[in-house]
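K.L.:
Sequence:
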Amino acid sequence: MEQCRKAGKSHWYHETQSTISSQTPLSLMPEAAYVNDRFLLDLAVAETALSPFESWLKPARQLADVLFPRTVLNDRLHTFSAYERMSTALTAAQVFGVQRLCRHYAARLAPLPGPDASRESNQRLAQITQYARQLAGSPSVINTRAREQLAEVGLTARDTVLINQIIGFIGFQARVAAIFQAFCRLPVRELPGQEMQRFARAARFQ
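Note that my numbering has the sequence shown beginning at 4, numbered continuously upward.
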């Protein structure tokens, strides 16, 4: 896996593998990081429209604070840093293709101190990004070997649970944001250079 490090973080297209693309990344919007509602990301939806969904909106908002706390304390069993959490969230948001999420998580990622420039740190971040992209876009490819590769770059069992929780949360958040944006007649823009997800076969749900 060939890795590249782009100078600066002035845009929200996040990549750890070298790619050739003619697309121009959209500029970073630092203000997108500052929201009152960390689940709906301050999407302007009338309270009357949201009230029927409060039974799950409230725990979803609480979960956003649990998964992305303002201060992350790491120890021997919990090594997943604040940067890795936000990087995973941005990667998943890019796969799901909801621009509101991409701008938010890119803006929150930008000021965080990244990993050092060592080979081990680069390999760890590249493996995390690959796993996040695969689980978000093609979950059927995730197997025992994929989880073993996370362990090989230093993730603990609890870290692996956390990365799965983050990706699942972003998937849910992306769908809810897309639904309410459509309700408000707002566009849900696709990412440049990203393929749209294919629908799962109906047989999988029977």
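These aren't lab readings, by the way, just hints derived from the structure by calculation. Accuracy of the hints is not assured; some may be wrong.
[What the hints assert, rightly or not] Derived lysine to aspartate or glutamate pairs resembling EDC-like cross-links, with alpha carbons at most 16 Å apart:
| no. | residue 1 | residue 2 |
| --- | --- | --- |
| 1 | K61 | E50 |
| 2 | K61 | D45 |
| 3 | K61 | D40 |
[Said to hold, decoys possible] Computed beta-carbon distance windows for the label pairs:
| no. | residue 1 | residue 2 | range |
| --- | --- | --- | --- |
| 4 | A120 | S58 | 45 to 51 Å |
| 5 | D45 | D78 | 41 to 47 Å |
| 6 | S121 | F186 | 42 to 48 Å |
Note that CB positions come from ideal geometry on N, CA and C, so glycine has one too.
K.L.:
A separate judgement is required for each hint: does it hold in the structure or not?
P.N.:
Verification of the supplied hints:
1. K61 / E50: Holds. K61 to E50 sits at ~13 Å (cutoff 16 Å).
2. K61 / D45: It holds: about 14 Å lies between the C-alpha atoms, which stays within 16 Å.
3. K61 / D40: This hinted pair holds, its Cα atoms lying about 10 Å apart.
4. A120 / S58: 45 to 51 Å: 47 Å, holds
5. D45 / D78: 41 to 47 Å: 33 Å, violated
6. S121 / F186: 42 to 48 Å: 47 Å, holds
Hint 5 alone, counting from the list given before, is not met by this structure.
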